[in-house]
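Asker: Now for the letters of each chain:
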Amino acid sequence: MKLPPLSYQRPTDLREASLMLGSESMPAVLAGGQSIIPALRFGERSESSLVDISRLAELQGITHADGFLRIGAGVPMWEVCGSPEVATSAPLLIRVLGSVGAVGIRSRATLGGSLAWADSTSQLPSTLIVLNAQVETTERILDAADLQIGQHQTVLRRGELIVSIQIPEVELTGSGFHLIRKTHITWPVVGAVAVREPSGQLRLVVFGAAPTPILAVGADRAKLLSQLSSRILPFDDERARAGYRGQVAPILAGRALDEAIGSNT
Amino acid sequence: MKPVKLEVNGIVHEVFLEDRTSLADALRDDCGLTGTRLGCEHGVCGACTVLVNNRPERSCLVLATQAEGDTIGTIEGLAASPTVLAPVQQAFRQAHGLQCGFCTSGMLLTAQSLLDHDPDPSPAVIRDWMHGNLCRCTGFDQIIESVQLAATLIKQDQAREEELS
Amino acid sequence: MNSTIPSPRETNTHHAFGQPRETIESARHVRGGGKFVADLQLPGMLHVALLRSPKAHARIVEIDVRQARSLLGVHAILTGADVQKSTSSIYTMAQMHKPPLDIPLHALATDKVRHVGEPVVAVAARTRAIAEDAVRLIRVKYEDLPPVADADAALASGAPLVHENIAGNLIMHRQHDFGDAESVFKNADHVVRRKLRWPRQTGAALETFGCVAQWQPGVDELTFWSNHQSNVLLWTLGPTLGLPPHRIKGIACDIGGAFGAKFWQPRAMVICALFSRLTTRPVRYVEGRVENLVGGDNHGEDRTYDAELALDSSGKMLGLRFSVVEDYGSAFILGPINNAEPLAQATGPYDIAAFAFDFTAVLSNKVPQAAYRGFGGAAHNFMLERLVDAAAVELGLSAVAIRELNLLQPEQFPYRTATGNIYDSGDYPTALHRAVKESSYDLWRERQARAREVKDPTRAIGIGLVSCQERSVQSGTALWLMFDQEPGRNTTAAESASVRIDSQGSVRVALHSPSLGTPTETIAATVVAEELGVPADSVSVSRLDTSMAGPAMGPSASRMTVMLSGAVAGAVREVIEKMRPLAAHLLEANPEDLMWDPSRACFTIVGVPESSATLAAIAHLANGHALRLPAGCRSGLESTYTYDHPMSSMPHADGSDWGNYAPIVGHTVHVPVVEVDLQTGAVTFLDYFVMHDCGTVVNPDAVRGQVVGATVQGIATALTEELAFDEQARPQNTDFRSYFLPTFLDVPAIRLGHMETPSPFTYRGVKGIGEGGRMAAPAAVVSAIEDALSPYGVRINEVPVTPEKILKWLGNASAAQ
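Residue numbers (full-length UniProt numbering), protein chains in the order written: chain A, 1 to 265; chain B, 1 to 165; chain C, 1 to 817.
Treat the hints as calculated values from the structure; they're not laboratory data. All of these numbers come straight from a predicted model, not from anything done at the bench. Take these hints with a grain of salt, some might be off.
Said to hold, decoys possible - Result set (DSSO-like, lysine-lysine): computed pairs, CA atoms no more than 30 Å apart in a straight line:
#1 A:K223 to C:K808
#2 A:K223 to C:K455
#3 C:K195 to C:K808
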């Protein structure tokens with residue numbers, strides 16, 4: 001199963017990348033390539049040209065800035081996992097990344113790519129949402145929670161690229177992460193990630209239970225869970241049916257919250 | 001078709017490729033390095049794993065042209081010379097970390113990257129690091145033991161070298 | 001006719017068997033030096049891509065290949081019409097049936113497509129990528145036909161016909177009663193019954209199927225390089241291609257795993273052969289992964305059981321009977337083997353006198369069924385062990401107690417089972433007791449009891465226990481009883497080996513069949529070491545192509561260790577006998593006074609050990625010194641030995657006794673311990689213990705690898721793997737994102753206990769080991785999960801047991817309360 005014919009371009013900077021992406025040929029963005037290349041092979045995506053942003057200097061780097069941890073959108077997850085800055089400022093992100101694919105995928109896969117791919121069952125966008133991250137694009141700054149609008153759909157415009165992910169450097173007092181998967185090399189079925197802020201505020205995001213991540217914020221565990229119930233809009237795919245997702249999502253949400261709160265009540 | 005320079009196992013190959021050609025196909029068909037295996041061509045099985053700048057990557061998900069300028073390591077370059085084996089290769093033989101051999105190239109390179117990263121990995125760490133490489137034959141236990149044996153062999157080699165120096 | 005290896009003049013003790021040994025094969029594989037079929041680079045080679053049907057059942061109205069033909073790099077295109085013109089129907093079991101069944105199979109679909117993934121058009125091009133580009137340019141117009149999506153649909157009245165001449169989609173219906181099961185069931189105190197469903201799964205070896213064909217015009221010979229695990233297919237291709245069989249040569253490549261699923265892939269072989277005849281170039285086809293899962297002619301058994309076990313009031317098993325409906329898919333290829341093989345161990349390790357079955361096989365619009373590790377034995381053992389567990393519950397016996405009561409005793413061997421198959425040897429009570437002890441079964445039960453007292457609503461511990469047979473070394477007789485095949489068409493399947501010693505005393509072995517990725521080269525070298533006394537790693541092992549190979553079926557049904565060791569030992573012993581007069585000549589002694597001493601690799605005079613003729617000296621004399629040879633001797637030291645099935649017998653013509661067709665029987669006890677998350681249905685392993693007995697062990701590490709690897713496949717059979725179809729017969733699991741192979745993180749470490757009950761009938765007592773783990777693990781894992789859920793009244797009668805199903809069953813159970 002080979003790739004269909006395609007043309008490949010590697011821009012030297014972001015400006016050039018945006019120009020290429022805006023061209024008539026409607027190219028696809030090639031970041032880590034871990035999702036788009038299989039999709040092109042399977043004919044699930046039909047772009048015939050690729051713009052490789054994986055080496056753009058503007059998308060690299062992990063830095064502290066203005067109370068945010070800034071992670072370049074093109075930084076491979078491998079480097080995020082190994083970064084002492086991330087380990088200090090966003091340990092939950094490292095924990096969750098440890099469940100994404102495997103080292104041989106994280107060596108290329110990027111945070112920006114994962115956000116833009118916007119798979120409803122992915123644990124990563126949800127984790128960035130729960131961490132209240134902001135997404136810097138070539139055009140604007142978005143709340144991570146506002147990025148995805150459907151399965152594989154985002155608010156990103158043609159030619160608009162994610163530049164960095166900015167995670168507020170807040171000392172969290174707890175976090176929790178639970179997911180169900182068929183095997184450890186396939187995408188999750190359903191899961192939840194939660195944090196507890198110093199104020200006692202809880203943030204919960206459930207993935208794999210609706211076309212977009214479900215965010216719930218509040219101080220009360222029970223209320224958060226009840227908020228959730230009306231927003232679960234589960235779907236069928238090759239890994240599970242909607243009914244299962246709908247049944248298990250609140251369970252995992254509860255567990256993530258319990259873990260974040262630090263009790264098992 | 002365009003010329004692409006690939007540095008593989010320390011040798012620069014100039015090959016003429018279409019943009020769509022994967023690194024795996026370029027290595028196998030154009031560089032004559034067939035030790036890199038294709039098991040699924042969609043990134044799940046890990047049989048095509050090579051080292052790109054010392055990181056394990058799925059060569060079926062990388063275009064060859066993307067790898068220009070990178071340092072690529074394949075199974076053929078894992079040992080220092082054709083007549084010796086790297087410790088991880090020796091360990092997989094000794095501890096029966098393979099049966100049919102089809103996953104072995106990718107498995108060895110992923111194991112090597114683990115040992116570069118963690119010279120003394122526990123079974124749990126090995127399972128986690130290696131789990132992107134599927135093996136359909138062994139059931140994994142003997143691979144885990146092979147990686148542990150490789151760690152021991154490497155330490156023994158190092159101790160011997162220190163003694164000599 | 002059963003085989004005997006020429007017996008040595010003296011009794012050897014093991015010196016090579018049972019020793020840890022690096023495999024010969026691993027030397028190349030750790031260097032990436034294995035030569036798999038996709039690694040061949042032949043000058044001018046063309047690459048094939050196939051257009052496969054997106055529809056399960058449709059008439060082909062029109063095929064337009066004009067655009068594809070004009071694509072630069074395309075050399076040739078074939079359609080079903082071309083194939084039909086130049087080949088006969090592919091040889092399948094439909095032709096072996098008496099009378100032949102009208103279920104034709106062509107390499108490319110002709111009138112209509114009968115399953116999703118059926119090859120319709122083939123393109124040969126300069127590269128695989130170009131061939132795939134060309135396939136995308138082909139337009140096929142189909143006229144939809146109603147699909148037959150499963151066995152029920154196939155048998156429904158008025159069902160659409162998969163093959164127009166097979167009424168009711170019914171391939172066959174057979175009933176057999178061995179030992180008057182009917183009256184046994186009528187008079188039994190207890191009858192337990194389960195209806196069980198076993199869907200398709202497949203070997204999913206990491207290497208897909210592939211082949212290269214090279215036609216040599218003038219010589220009119222066809223050479224295939226392929227990764228077929230068996231020579232059988234090559235023997236059948238002649239009639240299809242209109243060639244005398246000896247004009248077809250098969251060269252075995254290294255094989256990247258097979259698991260039964262590379263036994264029968266003729267379609268692409270025929271296509272490559274036709275392309276090579278057209279173009280005179282070598283032509284290669286290698287399955288893509290989707291092609292492998294969807295259209296690879298490799299799906300395993302697909303059946304529904306309605307099964308019953310009769311017991312007396314004490315729990316003694318009296319009879320077993322079942323009806324089974326099997327969905328063979330759209331052609332009739334290997335199917336009957338999947339149903340006949342398990343009957344060699346129909347009643348398992350238990351002393352059950354009466355056995356009966358009612359068997360129905362149907363056609364559907366699925367890809368034809370072939371083989372997957374165990375030839376139907378995994379499903380059969382699952383059925384039997386579900387019944388045993390059910391009986392234990394009904395009679396208030398523990399899982400251990402009901403087995404203690406019914407296991408065959410060591411003094412009962414050789415044991416004749418109800419169907420007539422003999423079990424050679426075994427010690428099942430010891431295996432059970434050791435398994436219970438070494439798995440800490442009682443401690444787990446205590447832990448489970450404590451956990452149940454706490455009444456944790458979120459999780460439950462379950463302990464599984466099964467005792468299963470691992471029949472090995474099949475012969476062919478069961479096949480012609482299973483369906484109306486001409487009796488005696490195929491009785492046994494031999495294996496051959498050649499041994500040659502050169503003038504330097506170096507030993508070479510030639511194997512006559514492929515290896516599916518198990519260390520057969522190492523086994524051969526180890527047998528040479530055992531017999532001759534040279535170091536195993538000094539032995540050079542190669543493979544013959546089929547043009548000069550003797551009768552040699554190759555690996556299937558866990559036969560290679562037994563068959564190959566018999567063949568190699570036979571050849572070595574014949575060579576030793578050829579050396580005897582030469583040694584006598586050198587020692588100036590009487591040949592009868594000499595004995596071969598494998599501890600020193602020399603002939604010595606009996607009672608005068610210091611007087612010896614070394615292998616090197618004899619070999620020197622034997623190769624190139626004809627003028628010095630004793631009278632009656634010729635130069636050369638070699639033997640080709642064909643080893644017949646060690647212990648098979650003819651069935652009775654009336655079918656009352658199926659004879660002895662898979663008599664070398666290993667045994668295993670699996671004890672998995674699981675924890676079930678009652679809120680998510682997730683299953684995790686707390687422990688997994690396997691007790692196994694495969695007779696004498698040749699290579700302990702290799703045996704462990706087989707047992708653990710097959711067990712892990714069986715765990716995935718139990719939990720994740722399924723090739724499902726929707727109501728339109730469209731496959732749902734088409735790649736590795738939806739066919740769920742286990743990773744390092746999905747399976748437990750497997751603890752092993754070894755037993756050795758040597759077979760009295762094989763070389764050194766070896767038995768087969770290749771399939772056993774997968775024949776037991778599904779039953780064991782399901783047993784453990786059912787045990788965990790037993791407080792909720794859940795009964796599990798199918799695989800795979802997904803979290804989704806567990807929650808559904810728990811929901812049903814609580815709703816029922």
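Asker: State for each hint whether it applies.
Answerer: How the hints compare with the structure:
1. With a CA separation close to 27 Å, the supplied pair K223 of chain A and K808 of chain C stays within the 30 Å bound.
2. Our distance criterion of 30 Å between C-alpha atoms is met by K223 of chain A and K455 of chain C, whose separation comes to about 27 Å.
3. Annotation: proposed proximity of K195 of chain C to K808 of chain C holds, straight-line Cα distance about 18 Å (limit 30 Å).
Hint check: no violations occur; every hint is consistent with the structure.
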